[in-house]
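Engineer: First to last, the protein sequences are chains A and B.
My numbering puts the first residue of the first sequence at 1, with every later residue one more than the last.
My numbering puts the first residue of the second sequence at 1001, with every later residue one more than the last.
The hints are simulated quantities; they were obtained by calculation from the structure and are not laboratory data.
Accuracy of the hints is not assured; some may be wrong.
What the hints assert, rightly or not - Using C-beta positions, here's what the derived DEER-type ranges look like:
{"#": "1", "chain 1": "B", "residue 1": "1103", "chain 2": "A", "residue 2": "250", "range": "49 to 59 Å"}
{"#": "2", "chain 1": "A", "residue 1": "150", "chain 2": "B", "residue 2": "1764", "range": "27 to 37 Å"}
{"#": "3", "chain 1": "B", "residue 1": "1628", "chain 2": "A", "residue 2": "40", "range": "22 to 32 Å"}
Claimed, not checked - Distance condition first, Cα-Cα at most 27 Å in a straight line; then the derived DSS-like pairs of lysine-lysine:
{"#": "4", "chain 1": "B", "residue 1": "1798", "chain 2": "A", "residue 2": "60"}
{"#": "5", "chain 1": "B", "residue 1": "1006", "chain 2": "A", "residue 2": "258"}
{"#": "6", "chain 1": "B", "residue 1": "1006", "chain 2": "A", "residue 2": "62"}
C-beta atoms are modelled at their ideal positions from N, C-alpha and C, and glycine is treated no differently.
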Amino acid sequence: MEKELLKVSGRIFNIQRFSIHDGPGVRTIVFLKGCPLRCRWCCNPEGQEWKFQDMTVAGKIKPVGQDITVEEVMAEVEKDRVYYRRSGGGLTLSGGECLWQPDFSEALLKCSKDMGINTAIETTGYADLEIVRRIIANVDTVLMDIKHMNGEKHREFTTKDNALILENAVHIAKEAKKLIIRTPVIPTFNDTEKEISDIANFAVSLRAVKEMHLLPYHRIGSDKYAGLGRQYTMSHIEVPTKEKMQMLLKAAESRGIKAQIGG
Amino acid sequence: MKFYTKPIEKSPRIDKLVKALYEKMPEIEADRAVLLTESYKATEGEPIITRRAKAFEHILENLPIVIREDELIVGSATKAPRGCQVFPEYSFEWLESEFDTVAKRKADPFYISEDTKETLSKVYKYWGGKTTSELATSYMSDEALLAFRHNIFTPGNYFYNGVGHLTVDYPKVLAVGYNGIIKEAEDALASLSQGDADYAKRSHFLNAVIISCRAAIKYAKRYSVLAAEKAKGTQDLKRRKELEIIASNCNGPLEYGANSFYEACQCFWFIQMLLQIESSGHSISPGRFDQYMYPYYKADLDKGIITREFAQEIMDCVWVKLNDLNKCRDAASAEGFAGYSLFQNLIAGGQDKYGVDATNDLSFMSITATEHVFLPQPSFSVRVWNGSPHEFLIRAAELTRTGIGFPAYYNDEVIIPALQNRGLSLEEARDYNIIGCVEPQKAGKTDGWHDAAFFNMCRPLEMVFSNGYDGGVKIGPSTGDVAKMTTFEEFKAAYQTQMDFFIEKLVNADNAIDAAHAERCPLPFQSSMVDDCIKRGKSVQEGGAVYNFTGPQGFGIANIADGMYAIKKLVFDDKKYTLSFFKEALENNYGEDMDSGMAEKLTETVVKQIAESGREINEDVIRIVYKTIRENKASEEDKKKYKALRHDIENIFKYGNDIEEIDTFAREMAYTYTKPVEKYKNPRGGTFQAGLYPVSANVPLGAQTGATPDGRLAYTPVADGVSPSAGRDTKGPTAAANSVSKLDHFIASNGTLFNMKFHPSALEGQNGLESFVALVRGYFDKKGSHMQFNVVSRETLKDAQKNPDKYRSLVVRVAGYSALFTTLSKSLQDDIINRTEQHGF
């Protein structure tokens, strides 16, 4: 392993062990801070801003964000190696958006591969193609969000257009070892059969896509908005029913892709 | 094919049996006590072993017998379902004094009729001065009694009751019947010479074995007659046929050996129940049922005389019967063992004696049976090793996911070498099973005395601070004034001195009780099924078993590790506080009020005393007493300082978060208990071996422990088993598992216990199951010994606390066993709710 890689530093807001819904097996997720999108439903709002923040959690003020070296992160990741081996798990980069700290992400992924640890990323796919290529070269499983096929609506709910994302998806599908398309199912945004079918159609058109995951909207992150002094604009939204999710699952499957509810 | 993974459907019979079993509160019955006493009166002056055999015979000839509706496996120790008999030969005063409260108490209440009370009171007149507990008391040293009374440890389990805690040679009885054993005893008798120095003792023992085995055969025949009568009396042709088969199963197989799976299951049940009529010892563990039953099952399948469906139904019936037995303990012990549990541990899977994986169809069917009956018994366990089939562990994980708290997972890779280290051969060690909660041994050869005592590791630390005084009484050695200690090593040495002293007293107490059992309650029937009792001509209680151990449990590792680390760090490394200040803060409970539950209890006692002194009690008095007890009397300024210390303690490393520095420290602290223990010998010719688990004693014994240097408040529960302190592990299940795996599980060969509580969501879907299995395998790769899981949500438990009626069947994992949540005391319920709930993220 190259020594310089270990010294690369980046900014994270959490390392979460025994994660079992984000990539195969038991995984350690490193949450990188900073994201180009501002999705209304985001359950990790403390990961959106690059700057350090204070968040009130259960009445106590907790600093969010920490600069850390690859070496320090890998020491944590290494601790659960035995569980990765037993389950086919490994490291997952999430966020925030790992593509927005390309040097740090690339170094983490390279080190991980050097150490024989499986890698995955959860990404919006929103970055320059050259960066995307650098990163996915070291990734075993790419979990990529396709949130909507309509650019306007995408912009309305995430603040960014989807053109770059869809374009990148085509390249990732060609170059990644394994690509899973994930769609957060958000009522009022994309929870109709038509919208989900459109995404499924797109997924089917991509090479190398094996699976599609429909992630039902949940409110687990809602308290964090208040903790950051922000308003949670989704508070009126009900979580989708089981029946609704089943219906959407069928809609996706009818396009000829293996789909599941949840990660 | 070695096994089928698809579970068999439940027969409608099973729900009916379960429903009938749980219709009423369990009841105390007097029949055994009356018969025992009659026999004892008639045999005064004879050798004790003969008296025991004759009493057993008299009981089995006259104890009322019943066949309950829909049963396929028969044999009940009491008329009422889930009833219990009484064993005055061990102790009786406690029950007599609890006659009027036993039905109303919170933990494990029992109904007792006025008639029974009257009968028992008469019987008890005979027993004064004749019990094992009285003899044990007179054998104990004054210092040991003092330490016992001051709750440094409690050997209460065997002090008040029989020992149990063993697995007999079931396969031998299934193969040759009790006639075979009688023959063996007769041959041994014939080989003796009347001129042998020990002829008197040996011959009487062997004759006692013969009497007991004959009594067992006769007892089964009584059931055969009853079943035949019932068959004649019923118009239901299907039931008549069933009863005819039952009549045939009870006549012959127990005498000459079983010829089919069904017969073998009926024989098994007679053995299991009779052991628990002979003595009140619990944790009589069926062990490797899937192994010794398999040849019968396989032969029946090959012959085409049984279907898998019927075999499953029979097994389910055996599982139900294991819940028909019960035991009434004294109020204090009932809290420590809460949940009406008899800890009959049955284990599936693992290697055979040649080191080959032995998982078979019955291993899977054992999981299914546990799922079908969904009751606290048997305490169901699985053995895991590198060669365990993945399908088996996935199926086990499915059972875990139901929230029943079973199975407990055991690691062959640790337990086998740990047992070899205690002198077992490789083949014997590979064939181990678990007794009670977590204690491994070789069946049919071992008297492990596995639950010898609970030793509270926090109490000797209190003694360091008090220089050996407890409530003004000198009970421990003088280790000096803490104010004068200048290095951490000095402080640690003082702790070790206190530990060594109290461990010696614990050994004294255990050996006194051990001697009392040998003298007053040797068990000829049990001894007939344990090697080498017949060969040696002496009972298990006198050292007849091949392997003899005494296993007292230490608990509170997490508190000691965190507390000693806090002292090292804050006093000696950072020099932020002095030991004197620590002492002061501990005495003042870190400036916090007393735990409300504890204050209520103390208030109750004090109010009772006031009432007894003749003064009038009204609500005001109670309120004032409660306030005085609960409120901290330190000045506001001092309180602030104490609280600041506690805040600092909370912010340093804690065991359970996968931090090398403190985990290594915890390993060392565990040695302060495990190493001194193994130096000692017991009167049966064996050695002591430590365990690290509290059953549920961490709650009641925690209620007698002051504040500890880890920030734990006075009278709150001590950490359970080797698990991190409740709420202190914050990095998730793998981090906690890694920390716990850093302890030396090999030296704690009487077992370690690691509890984890999961939210059901963590086990959802195939990925949930796979990840769960990876967690177990990973912990075991790192040489952890045991793991068990509660899978329920916090909300569910809280709701169950408020609405017990809605949750009568909610089973939770307490410690080494599962219990019905609603039958547990409030404080134990709180403890379970407060254990960190691990989420899969």
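Engineer: Could you tell me which of the numbered hints above are not met by this structure, giving the numbers in increasing order?
Structural biologist: 3 and 6
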